[in-house]
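Peer 1: Spelled out from the first residue to the last, the chains are:
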Amino acid sequence: MSTKNYSATAEVAHVRTRRTWLHRMWLGLKKAPLTAWFGLIVILGYLFCMIFADLIAPHGEAEVFAIPYAPWSEEHRLGTDHLGRDILSRLIFGARNTVGIALLTTLLSFAIGGGLGLVAAINRSWLDQILSRFVDILLAIPSLIFALMLLAVFGSSVLNLIIIIAVLDSTRVFRLTRAVALNVVVMDYVEAARLRGEKLGWIMRREILPNIMPPLVAEFGLRFSFVFLTIAALSFLGLGIQPPTADWGTMVRELSTFINYLNYDLRLGLLAFIPGSAIALLTVAVNFVVDWFLHQTSGLRDEH
Amino acid sequence: MNSVLITVIQRLLLGLITLFFVSIIIFAMVAMLPGDFTQAVLGQAALEETVQAFRKELGLDQPAVYRYFQWLGAVLQGDFGTSFSGRASSGIDRSRPVLELIEPRLYNTLFLASMTAIVAVPLALYLGITAALHRNGFFDRLINTVTLVSISLPEFLVAYVLMALLAVLWPVFPPISEVRPGADFFDRLYISVLPALTLTMVTIAHMMRMTRAAIINLLASPYVEMARLKGVAQREIIIKHVLPNAWAPIATVIAFNLAYLVIGVVVVETVFTYPGIGRLMVDSVTTRDIPIVQACGLIFAGTYIFLNMSADIIGIVTNPRLLHPR
Amino acid sequence: MSTKSDLLLDMRGIKIEGFSDERWHPIIKGVDLQLHRGEVLGLIGESGAGKSTLGLAAMGFARPGCRITDGQILFDGRDLKPMKESEKRKLWGSRMAYVAQSAAASFNPAHRLIDQTIEASLIKGLKSQNEAKADAVELYRALQLPDPGSIGFRYPHQVSGGQLQRVMTAMAMATRPDLIIFDEPTTALDVTTQVEVLLAMRNIVEQFGTAAIYITHDLAVVAQMADRIKVLRYGEQVEEAETRRMLEAPQEDYTKSLWSVRSIQKPEETSEDYVLTLDGVDAGYTRSLKVLKNVNIKVPRGRTVAVVGESGSGKSTTARVITGLLPPSAGSVRFNGEPLPAALKDRSLDQLREIQMIYQMADTAMNPRQTVGEIIGRPLEFYHGMSGRKKEERITDLLRMIELDDSFADRLPSELSGGQKQRICIARALAAEPDVIICDEVTSALDQIVQEGILNLLLNLQEKFGISYIFITHDIATVKAISDEIVIMFQGEVVEQGLKSEILAPPHPDYTQLLLSSVPEMDPDWLDTLVTERS
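Protein chains in written order, with the working numbering: chain A, 502 to 805; chain B, 65 to 390; chain C, 5 to 539.
You may find that some hints are simply not true.
Stated by the list, open to error - Under the rule of at most 25 Å between Cα atoms (straight-line distance), these lysine-lysine pairs were calculated in the DSS-like manner:
no.	chain 1	residue 1	chain 2	residue 2
1	C	Lys94	C	Lys128
2	C	Lys260	C	Lys484
3	C	Lys19	C	Lys88
4	B	Lys304	C	Lys131
5	B	Lys304	C	Lys94
6	C	Lys349	C	Lys302
7	C	Lys468	C	Lys484
8	C	Lys349	A	Lys700
9	C	Lys88	B	Lys304
10	C	Lys131	C	Lys94
11	A	Lys700	C	Lys395
12	C	Lys33	C	Lys19
13	B	Lys304	C	Lys137
14	C	Lys85	C	Lys19
15	C	Lys88	C	Lys128
16	C	Lys260	C	Lys33
17	C	Lys484	C	Lys270
18	C	Lys468	C	Lys302
19	C	Lys270	C	Lys260
20	B	Lys304	C	Lys128
21	C	Lys394	C	Lys468
If you are wondering where the hints come from, they were derived from the structure by calculation, not from laboratory data.
Next comes chain A alone, as it looks inside the complex (with noise of 0.2 Å):
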């Protein structure tokens, strides 16, 4: 009958044309929102300047000229601060530690929250039991007040910085991980990897991690800048990065003093808006790009 004419190579799918990654990127990028090209465009700038501050910067980090509070010059293009340093060679400066340490810790929180996510995910017996309660402990302090806590008794250096913010901003990566592992470990094809017989490794790794990388990247960029404002916030409280490493949140707190000046010289009071634009303007630039990486990815997350 009518199986005659039926053939199963002959069924409709829609079939995509093979493109490499990158040319996949392209063809993405070529059609993102004017919002992503520019925050893309300002992530870029700012990664120059982290890796070449050496080279851009035309004074030292914490070169002490003679005279502070210096009018801008060819010497010095944004003045000297209170202690005669160079504001934009700190400026410089501040993008590679202030970023640098907030990446840095993104990516420890990322190791721990998300390795110790997927393990309970898959696990999902007595250890996922003990991680999620412990997680919810944790989670039932504000992670600033935890961190302002935690920052009183180990005192405040880099390092501990570092520590204390990774260990507390991983629980939240721990339970977008698990949640997101959660909802792959329940399909068919990890079942089925199971019935064959797999190691959790490879289900892990082979199974799991390529399904749930989507909103894993989006999450990277929406915790870095939560991270890069908490280290940001510390700094200026006085309780993050020390000087003399420059640093926004510092600058942010040094340089206040120079809106007093708005009503008598523009230019010096808008020193004190510096760099608190650079921090707010890398937000804003890897929200940007997030929101659309979310729309990309068919809207994995509505909203956040």
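Dock chains B and C against the given chain A, drawing on the hints supplied.
Peer 2: Only chains B and C this time, still in chain A's reference frame:
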């Protein structure tokens, strides 16, 4: 027994248990203090007996479990111990009880937070629901971009911009929010405007985006489509079909943002030198005045736990499946 | 016989588009539809045919993300297409009503059923509150709902799915509309419940002379309900005819293919050599609640055992026990006469290889990030240690066996059609070279014509390699087509096991009788006959 009541009691118990564990963590901080700590508090020149007396006061010579329950018992009676500051290497002790230091600050912070919440919560809900109704329209897209920018701004930048505009360029409000003794309600209101405005701007964007997402989620449910096909008008759909199911998500949104507010005060109070509990905590962390840090931490964490618990309980008591069991 | 005033709905040249992947795609490509007063039109087609979209368009409604781009929708002489929503709203819920597939999701959980039933009447000011409530109770009674006087005071989650579906019909009927759209109203129900709901719906539509569009993918169901049948495919009309004519003499190949699964007839064979036996198996997910109670099943070598039951009968749990995912609390599973370790982790690689599984949803059974070659290749490496050329050649072999060519090895699952996906899953199971394959509802998510292809393929493979199948399904037509033996399950117990001919022939135990008689047949008189028989 009534299943709603059971669930509510379960949730209350869970809150208490969480608070219990949190108190253990906060208490354990003293035990984690590095060895050179006494010098930091009492000064390098501290006499051996002063150090010993101080260690004894902290109870470091007693077992931890015993100390914990003693501490907990005292805290439950409102006694958070005595501040570290005011002690001298010579052994003269001019330290004050923590409670005495915290109480006026806590009152100031609560004043600031409620002032913000009264403005921010209704405004954010209104904007969020409006954006959800005009999804993908011009208003929605505009609001989406604006809020995306504003959730990315650090609190201190917003604070300084407002200060520059409203206290320096057009000096309408004071740049420094000192509460003078004997200030009346309107004085307080006046000096709190800038910090409250900052906090409003920071929380409103978050709250609005979350409200919008929650409402869009509900609008996509099949029973809303059914209501449309029954000829129910848009406004009626929102009132009769969406809102009765929206209490739980909206309560969560509000709780989340009030909690965010609690954290935001730390930075904002510092910028405006507002004498609240947030600034007290920052100052105490700087001087490593552990008893005050513990007390502040406990208050912040307790508020946070209480807010989340309240949201869950609102979700429970408005859930028809629990209200009307099979 | 149709005069102009008799024509209730006249849709012409309807085109509808849907938005996805940043683009508008056509869903309905120019379809005409006419409906007379009091007439029931059956709209049938497979998934993606656009039948729900067309049904909603009959009310002038397009779901968010869809738009009606062309055509006219004349309802009682007025064109709905250019109308504003505020104007259409006057018709919705008063002169036209909708009955959705998922009753549980379509009722607002926060309101009592009766308040939702009478909502439209009150908004339109057609009745007073008391009149409307009294009328709703009458409708509940007419729809044979238990306890019609008080059922309306319950909340949606407090009544069963079949009852909810009837309440929704009452809700649609409350304003005595001229037109009701039934959108797959019984698809989510079990067969035994479906019969009651179908009967109730048909009676009430007849009683009030309401015109209706009945949307379904099940030809046997539509045969009971509709006066006329329209077949849709890929957003276009295939053919349309009176129900009896359509059933007796379908014109188009596609329409004929919709019957085709019934054309497979496997002669039953038996064997005394049992490859797999379940002896007195008890199992459950919690200690107190047993899902399986003393289950005994024997699977003859090289034959097909169909395990049949409704949702909650324990058929899928049986599969989990056999595969070792759920160790039984009592009883044993024997394979080739040897007891099989209860838990998955205690089984040897060979034992794992011998029993393979194919899932209902091929979509979720394949990792979307692996190519077909990787999916089929993995069991080859894993069980048989193959690699390189040898593996590639074997993959090509396997693809040929499932009637696909080797160009498919590079594709991702998202680039395959539903039937092709299921074939790849079959190839993955074959790659292990198993003795037993458990097929869990493998055809129920597929279109009819594709189902036939898959079933034929499975039968051929059985003939070639002597594989035994455990075929879990709720679809009696499939059972008739492919099984040698049948196991009937009900509430975790085996009602009976035997040869196909024995089980399908009377006399039956009560439950088997109920189950078999509830399966709709292609005969338009089937429902009437059943009612006479049962009363």
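Peer 1: All hints, please: hold or fail.
Peer 2: Comparing the hints with the structure gives:
Pair hint lysine 94(C) plus lysine 128(C) holds up; C-alpha atoms about 8 Å apart against a cutoff of 25 Å. Between the alpha carbons of lysine 260(C) and lysine 484(C) the distance comes to roughly 19 Å, so the proposed pair stays at or under 25 Å and holds. For the proposed pair lysine 19(C) and lysine 88(C), the alpha carbon gap of about 18 Å is at most 25 Å, so the pair holds. Our distance criterion of 25 Å between C-alpha atoms is met by lysine 304(B) and lysine 131(C), whose separation comes to about 20 Å.
Restraint check: the Cα-Cα separation between lysine 304(B) and lysine 94(C) comes to about 18 Å, which is no more than 25 Å; the hinted pair holds. This hinted pair checks out: lysine 349(C) and lysine 302(C) have alpha carbons roughly 24 Å apart, not beyond 25 Å. Between lysine 468(C) and lysine 484(C) the alpha-carbon distance is near 21 Å, which keeps this suggested pair within the 25 Å criterion. A C-alpha spacing of about 10 Å is found between lysine 349(C) and lysine 700(A), which places the hinted pair at or below 25 Å, so the restraint holds.
Of the supplied pair hints, the one linking lysine 88(C) and lysine 304(B) holds, its CA atoms being roughly 22 Å apart against a limit of 25 Å. The straight-line distance between the Cα atoms of lysine 131(C) and lysine 94(C) is roughly 15 Å, inside the 25 Å bound, and the hint therefore holds. The hinted pair formed by lysine 700(A) and lysine 395(C) meets the criterion: a straight-line CA distance of about 21 Å does not exceed 25 Å. Distance hint between lysine 33(C) and lysine 19(C) is fulfilled; the C-alpha atoms sit about 5 Å from each other, no more than 25 Å.
Only pairs whose Cα atoms come within 25 Å are accepted, and lysine 304(B) paired with lysine 137(C) is accepted, the gap being roughly 19 Å. Restraint check for lysine 85(C) and lysine 19(C): satisfied, since their Cα atoms lie roughly 11 Å apart, inside the 25 Å limit. Distance restraint check for lysine 88(C) and lysine 128(C): the Cα-Cα separation of roughly 18 Å lies within the 25 Å cut-off, and the hinted pair is therefore satisfied. Using a Cα cut-off of 25 Å, the hinted pair lysine 260(C) and lysine 33(C) holds, with the two alpha carbons roughly 22 Å apart.
For the hint pairing lysine 484(C) with lysine 270(C), the CA-to-CA distance comes to about 8 Å; that is within 25 Å, so the pair holds. For the given pair, lysine 468(C) sits about 22 Å from lysine 302(C) by alpha-carbon distance, which is consistent with the 25 Å threshold. Taking the CA atoms of lysine 270(C) and lysine 260(C), the gap is about 20 Å. The hint holds against a cut of 25 Å. Taking the CA atoms of lysine 304(B) and lysine 128(C), the gap is about 16 Å. The hint holds against a cut of 25 Å.
Taking the CA atoms of lysine 394(C) and lysine 468(C), the gap is near 22 Å; set against the 25 Å cutoff, the hint holds.
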